[in-house]
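Engineer: Those sequence lines, one after another, are chains A and B.
Taking our numbering, the leading residue of the first sequence gets -12, the next gets one more, and so forth.
Taking our numbering, the leading residue of the second sequence gets -12, the next gets one more, and so forth.
Where hints are given, some of them may not hold.
[Said to hold, decoys possible] Residues of chain A clear of chain B, computed beta-carbon distances all greater than 10 Å:
(1) V16
(2) L17
(3) E35
(4) E46
(5) D69
(6) R123
(7) R146
(8) V185
(9) H196
(10) N242
(11) R270
(12) R283
[Stated by the list, open to error] What follows is a set of in silico ranges between Cβ atoms, one per label pair, in the way DEER data are often shown:
(13) D69(A) with S(-8)(B): 38 to 46 Å
(14) S94(B) with G168(A): 55 to 63 Å
(15) E28(A) with H268(B): 32 to 40 Å
Just so you know, these hints were derived from the structure itself, not from any lab.
Cβ coordinates follow ideal geometry from the N, Cα and C atoms, glycine included.
Protein chains: 2
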Amino acid sequence: MSNDSLAFIGLDLGGTFLKYALGREDGKVLAKGKMPSRAQESRDKTFEVMFMAIAEMLEKAKSFSVHVAGMGVGSPGAVDFDHGRILGNTPNLPNWSDADIRGELESRFNIPVWADNDANLMTLAECRYGAAKGSRYVIALTLGTGIGGGIVIDDQLYRGARFSGSELGHMSINFEGPPCGCGCVGCIEAYASAPAIVKNYREKLANKHFPTPNPITTEIIFQHAKDGDLLANQVIDEICFYLGAAIGSLINIFNPQVVVIGGGVADAGDEFIQRIWQAVHGRAMEAALRGVRLERASLGNDAGVVGAFALAADCYKALS
Amino acid sequence: MSNDSLAFIGLDLGGTFLKYALGREDGKVLAKGKMPSRAQESRDKTFEVMFMAIAEMLEKAKSFSVHVAGMGVGSPGAVDFDHGRILGNTPNLPNWSDADIRGELESRFNIPVWADNDANLMTLAECRYGAAKGSRYVIALTLGTGIGGGIVIDDQLYRGARFSGSELGHMSINFEGPPCGCGCVGCIEAYASAPAIVKNYREKLANKHFPTPNPITTEIIFQHAKDGDLLANQVIDEICFYLGAAIGSLINIFNPQVVVIGGGVADAGDEFIQRIWQAVHGRAMEAALRGVRLERASLGNDAGVVGAFALAADCYKALS
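Looking at chain A on its own, in the form it has when it is part of the complex (with noise of 0.2 Å):
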């Protein structure tokens, strides 16, 4: 069978939404939809809005004459990649664990599946279609409403021994730092997350006893900079020094080719970028920061379902 006709299934489960698609090995996106995940009922609906939405996928793989041959699942949580299950630390699936994704779904449509975890799937996403395509060692860093993270190596995602690896998001930058959600102090999650910088801002309009607009977003903010506003825009440039100061640390540790920013904030621009990329002169020893290229993901919102395709394609790969 001719690579042209064979495809991928790539689901991309969130605590909302199930985002999914059926693409191509070369990364070609065929079909996608997105339906409601229904992660705060049960473990049983999750797993049947993820039924209905391969079902709809494979009907589409007829209309286009590809054959569907394998799966991937981008789960939040510790992924157990060998065995494509969750291994806990699941906070926004509360029924969603221990969940057994390759079972239950190879037991249901005989199509092999494999699971990872969402950030990591983003990154490999990044490195096989994206802006850090072609290169082997690559880091990757999702800011949203927490800060992912992903680690390839010699072109291989870093799962870390027991799956709980590449917390990027929790490295802390400060040990004397505010309190992460994570139970852990100064973490650059607790200073760049989409929640930290709509904090930020807010007690800086209060100090100055200026009216807070309701809501504020990230994108708020950045429009506000854009527009000249002077307290976002050293927002900004708080973010940009802690982002620095984290990358910096991951280029000395990592001395990877390139550096992705991803993720909702990121949409904020190239400009967003290059302020981050200035802030980790200075942050990085010289040796480590030679030849490393700060990236924005370029992949925006279909990275998830895109790195879910783009797994069960190398997986496949791998096995035949």
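Position chain B relative to chain A; hints supplied.
Structural biologist: Coordinates of chain B only, in the frame set by chain A:
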């Protein structure tokens, strides 16, 4: 030829001494020695010292009736493992920044040569024969004049995209911390290297207008602490706090099986290791910390040469 009759030579180059050994693949040291490295004089002098050390070990090999199948060399700085040569970053060996170790030694002795960073090889030694034997995911910190680091992933040393990675001593633990010799800010090396420990104690004594013993070494500080000196104990508590913060982040990033603490400072003993371990708690995520052990390096001063011949043994095996 049986494995018993094969041996490897390991060299560990430092700014002051060259240490060397003849060893077997099982880690047994058959012979060893040490001579001034003459690194301050010229590159040629240092190579001459290496030639003498190797000649001495080849004589020993004859007397043990073993065949030397390969040589490993550990050096400070960035070492191009693929080509066995130095890439720079050798402030304590001023004439060494582009030394062609493999070229010089292979053309002289006609025995295969591999070279790597010295902290990497100390890590390898602990993995193959020491405190981390049997573990495939290992992080090592070497506390001495500087703080060196080593990363073992799936039983292999991690070297970075351009052989400048695993500078774990230059992870920043405080973005507002003291400047580090490397040009960055708040590196763990600026808090917990031997000179930083001595400076900390000296300042505490001066603040209290206490007399300052001369010289002060970390050995003396640890001895004072054992004797009940409150300031010395306060210094050690702070060092453990800083190391706990750094190791916590490294556990979140790598989810290793073992973290090994080596170097002269670690000779302070197991109680020091226990105090560091207590400080790690609350600084690492529960999921990443589960099952991790903190161990004191067990090979002491031999780790460098043992790691060097272990590298040769590993690479020789991979060839054949």
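Engineer: Taking the hints in turn, state whether each one holds.
Structural biologist: Cross-check of the supplied hints:
1. V16: Per Cβ check, V16(A) is outside 10 Å of chain B; nearest 30 Å; holds.
2. L17: 34 Å, holds
3. E35: 28 Å, holds
4. E46: Check passes; 38 Å lies beyond 10 Å.
5. D69: The assertion about D69(A) holds, with a minimum of 13 Å to chain B.
6. R123: 7 Å, violated
7. R146: 8 Å, violated
8. V185: 21 Å, holds
9. H196: 28 Å, holds
10. N242: Check fails; 3 Å does not lie beyond 10 Å.
11. R270: 6 Å, violated
12. R283: 20 Å, holds
13. D69(A) with S(-8)(B): 38 to 46 Å: 40 Å, holds
14. S94(B) with G168(A): 55 to 63 Å: Distance hint for S94(B), G168(A) holds at roughly 59 Å.
15. E28(A) with H268(B): 32 to 40 Å: Since the Cβ atoms of E28(A) and H268(B) sit about 36 Å apart, the hinted range of 32 to 40 Å holds.
In this structure, the hints that do not hold are numbers 6, 7, 10 and 11, in rising order.
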